[in-house]
Amino acid sequence: MSEEALFDLQGVAKKFVKGKEQITIFEDLNMQIAQGDFLAIMGPSGSGKTTLLNLLGGVDQPTSGEVSFEQKRIDKLSEGKLAEWRANNIGFIFQFYNLMPMLNAYRNVELPLLLTKLSGSERKKRVENALKLVGLADRAKHMPNEMSGGQQQRVAIARAVVSDPKLLLCDEPTGDLDRKTADEILETLQLLNTEFGKTIVMVTHDPSAAKYAKRTLHLDKGEFVTDPSANVA
Amino acid sequence: MKDLYLIYKNLTRKKTRLFLTCFAIFIAFLIFGSITALKGALNSGVEMSADNRLITVNKINFTQPLPYSYVNKVKSIEGIKDVSHANWFGGFYQEPANQIVTMAVDPETYFTVYDDLVVPEEQLSQWKSNRRGVLVGERIAKTFNWQIGDTIPMSSNIFSNKDGTQTWQLQIDGIFRGENEKADTGYMVFHYKYFMETQTWGGDNIGWLIVTTTDASLNQQVSDAIDESFANSAAETETSTEAAFNKAFIEQIGNIGLIIFGVVFMAFFTILVVVGNTMVLAIRERTNEIAVLKTLGFSSPRIFKMILIESCMLSFIGGLLGLGAAFVIVQGASQELSRFLPNLVLDQSIVLQALGYMLLLGLVTGIVPAVRALRLNIISGFQGA
Ligand SMILES: Nc1ncnc2c1ncn2[C@@H]1O[C@H](COP(=O)(O)OP(=O)(O)OP(=O)(O)O)[C@@H](O)[C@H]1O
Ligand SMILES: [Mg+2]
Numbered sequence: 134m135s136e137e138a139l140f141d142l143q144g145v146a147k148k149f150v151k152g153k154e155q156i157t158i159f160e161d162l163n164m165q166i167a168q169g170d171f172l173a174i175m176g177p178s179g180s181g182k183t184t185l186l187n188l189l190g191g192v193d194q195p196t197s198g199e200v201s202f203e204q205k206r207i208d209k210l211s212e213g214k215l216a217e218w219r220a221n222n223i224g225f226i227f228q229f230y231n232l233m234p235m236l237n238a239y240r241n242v243e244l245p246l247l248l249t250k251l252s253g254s255e256r257k258k259r260v261e262n263a264l265k266l267v268g269l270a271d272r273a274k275h276m277p278n279e280m281s282g283g284q285q286q287r288v289a290i291a292r293a294v295v296s297d298p299k300l301l302l303c304d305e306p307t308g309d310l311d312r313k314t315a316d317e318i319l320e321t322l323q324l325l326n327t328e329f330g331k332t333i334v335m336v337t338h339d340p341s342a343a344k345y346a347k348r349t350l351h352l353d354k355g356e357f358v359t360d361p362s363a364n365v366a
Numbered sequence: 040m041k042d043l044y045l046i047y048k049n050l051t052r053k054k055t056r057l058f059l060t061c062f063a064i065f066i067a068f069l070i071f072g073s074i075t076a077l078k079g080a081l082n083s084g085v086e087m088s089a090d091n092r093l094i095t096v097n098k099i100n101f102t103q104p105l106p107y108s109y110v111n112k113v114k115s116i117e118g119i120k121d122v123s124h125a126n127w128f129g130g131f132y133q134e135p136a137n138q139i140v141t142m143a144v145d146p147e148t149y150f151t152v153y154d155d156l157v158v159p160e161e162q163l164s165q166w167k168s169n170r171r172g173v174l175v176g177e178r179i180a181k182t183f184n185w186q187i188g189d190t191i192p193m194s195s196n197i198f199s200n201k202d203g204t205q206t207w208q209l210q211i212d213g214i215f216r217g218e219n220e221k222a223d224t225g226y227m228v229f230h231y232k233y234f235m236e237t238q239t240w241g242g243d244n245i246g247w248l249i250v251t252t253t254d255a256s257l258n259q260q261v262s263d264a265i266d267e268s269f270a271n272s273a274a275e276t277e278t279s280t281e282a283a284f285n286k287a288f289i290e291q292i293g294n295i296g297l298i299i300f301g302v303v304f305m306a307f308f309t310i311l312v313v314v315g316n317t318m319v320l321a322i323r324e325r326t327n328e329i330a331v332l333k334t335l336g337f338s339s340p341r342i343f344k345m346i347l348i349e350s351c352m353l354s355f356i357g358g359l360l361g362l363g364a365a366f367v368i369v370q371g372a373s374q375e376l377s378r379f380l381p382n383l384v385l386d387q388s389i390v391l392q393a394l395g396y397m398l399l400l401g402l403v404t405g406i407v408p409a410v411r412a413l414r415l416n417i418i419s420g421f422q423g424a
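Residue numbers (my numbering), protein chains in the order written: chain A, 134 to 366; chain B, 40 to 424.
Excised from the complex, chain B in its bound form (with noise of 0.2 Å):
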C-alpha cells in the first residue's frame, strides 16, 4: 500500500484537529470497554446459573429464613433430584474491610446441586468429616494466600458466637474452583451444623433451599408445587429458578442493562456526528488537492478508499487507546472489586465487539468525505479552490 504514507500525512497535518478527535473516540472506547465488562460481570451471576436449579426463599423477602423441616417436605416432591440448603453468616476475615460472602450449608448436598463447582474427591471427604471444616472458593484463596490446613479466624457482625467472641475459628480442608472459569469462587462455605451449634439465637432456621429438578422443562411444575406445599403456612415460600433469582437480585440495581445501553450509545452518537463532521470539514478543505491528485492521475476509487482508511485510522487509534485504558482501569477496579464483582473482565469478546465498532465507526464517519470526493469533479474541485 504505497499510499499509505500520503494517507498518514493527511491524518496528522493538524495535530489539534487529531488529539481532539482521538480524544472524543478514546473516551467513546473506555467507556465502552469498561462498561461492556461492568455488565458483563453483573450479569456472569445470571449466565452461570444451572438451568435446572431452584432458589427456594421466603415469600416476605430473601432474608427471611425457613424452616429446617422444609428440607425433609421437599424432598419427596415430584420431580425433585438432589435438595440442599444455606444460610447467610456474612463474614469478614481479621478485619470488617476484609469482607468474604459466607455460608453455612450441608455439606452432604451442597456439591451434589452445585456440581459445576470441582473439589477434589480427598478433599471434600476431609471436609465432610471435619465439622469445622470449611472449603474455600479458588479466588479468595489466591486473594489472602490460603493453604491447606490453615486455621482462619472468619468474624460474623450479625450473629455471635456461644463462646462469647463473634469468631469461628475454621480450618480450610480443601479449595474449590468452578468447571467454568467464569463461576464465582469468591465465597466459603462451612457446616450448618456446627454454625447451629455455636451461634447463640439457636433454632434450626434455614436462609434457603437450593433445589435441582430431574430436568430443566419440569422447573415450573416443581417450583408450583414447592410453593403450593407451603402455602398458608408461617413461612410460605417463593420458587424460581437461580438464572430468575440472581437476575431479579441485579434489577434491585437497576435496570442496569437499559442505562449501560444508554451512555454508550449516547457516547457514541456524540462522537460520531463529532468525528465524522470533522472529517467531512478536513475533506472539504483539501478539495483542491483531491483535483490536484485526480488530475495526476490518481483514480477515484483510490482516493475513495484512502479517505476510508484515513478515518477507519483515525477511529482505530482513538478506539484502541481508549481501549487500552478501559483494560487498565478494569484491571485495576478487579483487584479492588473482586469480592463484589468476581468477573469483572475486559475479555476477549469485549475487545472483537469493540474492533468491530472502531471498523464501523471509521466507515460511517468517512463514508460521507469518501463519497464526495470520489464524485468530485477536477473542473469544480480547481475552481471551488
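Chain A with its partners taken away, still in its complex shape (with noise of 0.2 Å):
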C-alpha cells in the first residue's frame, strides 16, 4: 500500500477467559487499512468480526499487539482517552440502528455533537445537514418507533457522520434489511466513501453488499483467508 495506513495492526491477540477455560479469537493478527478505504469483512459466524471491529474503534483492546491510528498507538489508551477519540474520530453503524428510543431523529442524530463545542445553532446546521445526506430532512421530528428499519438506519448513518469523523465502523449495517431498503443503505455508504471521502469497514454476512466495498477480507478462525469462496458450498 502506497498510502499512508489509518489503521496499522502489529500481531494483535486477543484472548478471552470464560470460567477456567481461555478462548483466542486472533492469535496474531496483522492488517492496515489505507486512508479512502471502503473494506468488507466477511467470514462466519464466531470468526471474530465484531471483535476486530471492537478493537478498530476502540471499544474493547487487544491482549497483546499494537494498534495504531495515524502512527499512534491506541491500544493503550485510558478508557477516558479513547472515549474521546471515538468522538473525535469514529462514526458507528449498528445492525440493530441502537437509536435512543426516547429522542426524535433530530436529537439522536444531535447526540454527538453534545460532546463537542459548538453552539447551538452550529449544531442545528450540522444535523439538518446531515439529515438531508441520508434523505430524511422532512422526517426530523420522527420518533425511531415511527420509522421503518431504513429510516433508522439512515438515522444512524446521519448520526455516525454529523461529527465528520474519518471512518465509519459497520457491523452488519444491513443485516436487518430487506434487499432493497440494504441496497439503498450500501449506496448511501458507497456516497459518503467516494464523495466525502469516508473510510468505511462495515462486516457483513452478504457477499451482494461487500460488492460495495472497494476491497473484501474474510476472517476464518481468526485469521484473514485468501480465497474461501472456493471452499463455500
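No lab work stands behind these hints, which were simulated from the structure alone. This one's a predicted model, so the numbers in the text were calculated from it and none came from an experiment. Just so you know, even glycine gets a beta-carbon here, dropped at the ideal spot from N, CA and C. A few of these clues could be false.
Simulated crosslink set (DMTMM-like; lysine to aspartate or glutamate; CA at most 25 Å straight-line) [as the list claims (entries may be wrong)]:
| id | chain 1 | residue 1 | chain 2 | residue 2 |
| --- | --- | --- | --- | --- |
| 1 | A | K209 | A | E137 |
| 2 | B | K344 | A | D193 |
| 3 | A | K257 | B | D42 |
| 4 | B | K48 | A | E255 |
| 5 | B | K344 | A | E217 |
| 6 | B | K286 | B | D386 |
| 7 | B | K41 | A | D297 |
| 8 | B | K48 | A | E279 |
| 9 | B | K120 | B | D155 |
| 10 | B | K120 | B | D90 |
| 11 | B | K53 | A | E279 |
| 12 | A | K214 | B | D42 |
| 13 | B | K78 | B | E218 |
| 14 | B | K286 | B | D263 |
| 15 | B | K41 | A | E199 |
| 16 | A | K299 | A | E137 |
| 17 | B | K41 | A | E217 |
| 18 | B | K232 | B | E324 |
| 19 | B | K78 | B | D90 |
| 20 | B | K41 | A | E261 |
| 21 | A | K250 | B | D42 |
| 22 | B | K48 | A | E261 |
| 23 | B | K54 | A | E279 |
| 24 | A | K258 | B | D42 |
| 25 | B | K48 | A | D271 |
| 26 | B | K344 | A | E212 |
| 27 | A | K354 | A | E199 |
| 28 | A | K274 | B | D42 |
| 29 | B | K41 | A | E255 |
Label-pair distances were calculated between CB atoms; the ranges are [what the hints assert, rightly or not]:
| id | chain 1 | residue 1 | chain 2 | residue 2 | range |
| --- | --- | --- | --- | --- | --- |
| 30 | A | N278 | B | Y44 | 14 to 20 Å |
| 31 | A | K258 | B | N327 | 26 to 32 Å |
| 32 | A | H275 | B | E375 | 51 to 57 Å |
| 33 | B | F62 | A | K257 | 34 to 40 Å |
Fit chain to chain and form the complex, with the hints in mind.
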C-alpha cells in the first residue's frame, strides 16, 4: 500500500477467559487500512468480525499486539482518552440501529455533537445537513418507533457522520433490512466513501453487500484467508 | 448543560412510572412538611420559654388553686427577681366556638415577668388604671379585628358573674405582641382584682405563680426553696422552669417527638426503597442505550452524572410538589387551629431541611444505578441486551 495507513494492526492477539477456559479469537493478526478505503469483512459466525471492529473502534483492547491509528498507538489509551478518541474519529453504525427510543431523529443525530464545543446554532446546521444527506430532512421530528428499519438506519448513518469522523465502522448495517432497502443504505455508504472520503470498514454476511466495497477480507477462525469462496458450498 | 434535554427525556419516557414515583415522593414530603410544622408548633412553647422563668402550681394538679398569700411569701425567697400570678378564666367570645385563652392576672407585675412581651407604655398604664380593662394579644386582635377602645363580652363556662350572667364586659386598652415573632399572642389578660370581686365563688385563690430568678443558674435552688416553704401545708406546690412546664404539658399529649420521627422515618424508608428500586430497574432497562452512549464517546463519569441528575430531578419534582401541598395544608390548618396552635407555620428552616432531604433522596436512589452505569463495559452492555 503506497498511501499512509490509517490503521495499522501488528501482531494483535485477543483472548477471552470464560470460567477456566481460555478462548483465543486472534493469535497474530496483522492488517493495514488505508485512508479512503471501503473494506468489507466477511466470515462465518463466531470468526471474530465484531471483535475486530471493537478493536478498531477502541471499545475493546487487544490482549497483546499493537493497534495504531494515524501512527499513534490506541491500544494502551485510558478509558477516558479512548472515549474522546472515538468521539473525534469514529462513526458507528450497528445492525439494530441503536437509536435512543425517547429522542426524535433530530435529537438522535445531535447526540455526538453534544460532545463538542459547537454552539446550538452550529449544531442545528450540522444536524440538518446530515439528515439531508441521508434523505430524511422531513423526518427530523419523527421518533424511532415511527420509522421503518431503513429510515432508522439512515438516522443512524446521519448520527455516525454528523461530527465528521474519518472512519465509519459498520457491523452488519443491512443485516436487518430487505434487499431493496439494503441497497439504498449501501449506496449511501458508497457515496460517503467516494464523495466525502470517509474510510469505511463494514462487517457483512451478505456477498452482494460486499460488492459495494472496494475490497473484501475473509476472516476464518481468527485469520484472514485468501479465497474462501472456492470452499463455500 | 447540554445533556439536560437527554436527562429530561429519560426521566419522562415512562409517564406512568414517573407519575407513581413522583407521587410516592410527593406523599413523603407532604408528610414531612406538615408533620415537621406541627412538631414545631407544639415545641414552640418550649423554645419560647425564658430560661429564668419558673412556674409554681399546686402539687396535686395544675388545675387546683393556690392561696393568694403565697404571692407575698414567695417574694421573700432569696434569688427571686419578680413574682406574678394568674388565674384561668377559660373564656369565649360571643359563642362557645370562639374559645380564647383568657387569664386574670396582676396588672402591676404580669408584663414584668413576661418581659418578652411588648406593650406600648401608654397602653400599659391606661390598662393598669382601668379595672375593667383587658390587654389583647396581637394575633387574636387580628383574628377578630378588634381595636383599642372596643368593649368585648367575654363569657366563661366555668365562672358566673355576680350580675347573674356568665359574661364580663371588658374594654380593650391595648394590644401586646411578642418580641420574637414566634411568641404566642393568642390570649388576653384582664384584672385579677376585678375578676375576684365579680365572680360568684369569691375567695382569694390564684391559679399559679410566675416567678423570675435573678439568674437562670439559681433556678433549681429557688424552685426547691419555694416548694420547701409550702411543704406539709394544705396546698403543697410544685415549681418547675417554664420550659419544663410546657414540655410536661406536651408530653401529656403523648410522646409526640417519637411518633413524628417514626412516621416520617417510615414514610421516607418506604419511599427510599420504592424509588431506589425503580431507578435500578429503569437504568437496567437502558443498559444497551448506555453502551451506545459510551460507544459514541460519552465518558463514564458523564453518564454517571446524568443518572444522578435524573434521580435528583425526580426527587425534587415530587418533593417540591409535596412540600407545596404541605404548605397549603399548613396554611389552611393554621387558620383553623390558630387558637390552639399559634405557631403552626411551614417556615424557612423546614423548607431548607426538606430541600436537603430531597437532595439526599435523589443521591441515594441514584447512586446504585449510577455506579453500575459508570462501571458498565461497552461490550458486556451490548451482550446483555
Ligand atoms: N466478551 C466475550 N467473552 C467471551 N467470549 C466472547 C466475548 N466476545 C466474543 N466472544 C467470543 O468470541 C468469538 C467471536 O465473536 P464475534 O462476536 O467477534 O464473532 P462474529 O464474527 O461477529 O460473529 P457473528 O457473525 O455471529 O456476529 C465468539 O466465539 C464469541 O463467543
Ligand atoms: Mg458479530
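Problem set entry | Hint numbers not upheld by this structure, sorted from lowest to highest | Numbers 15, 18, in rising order.
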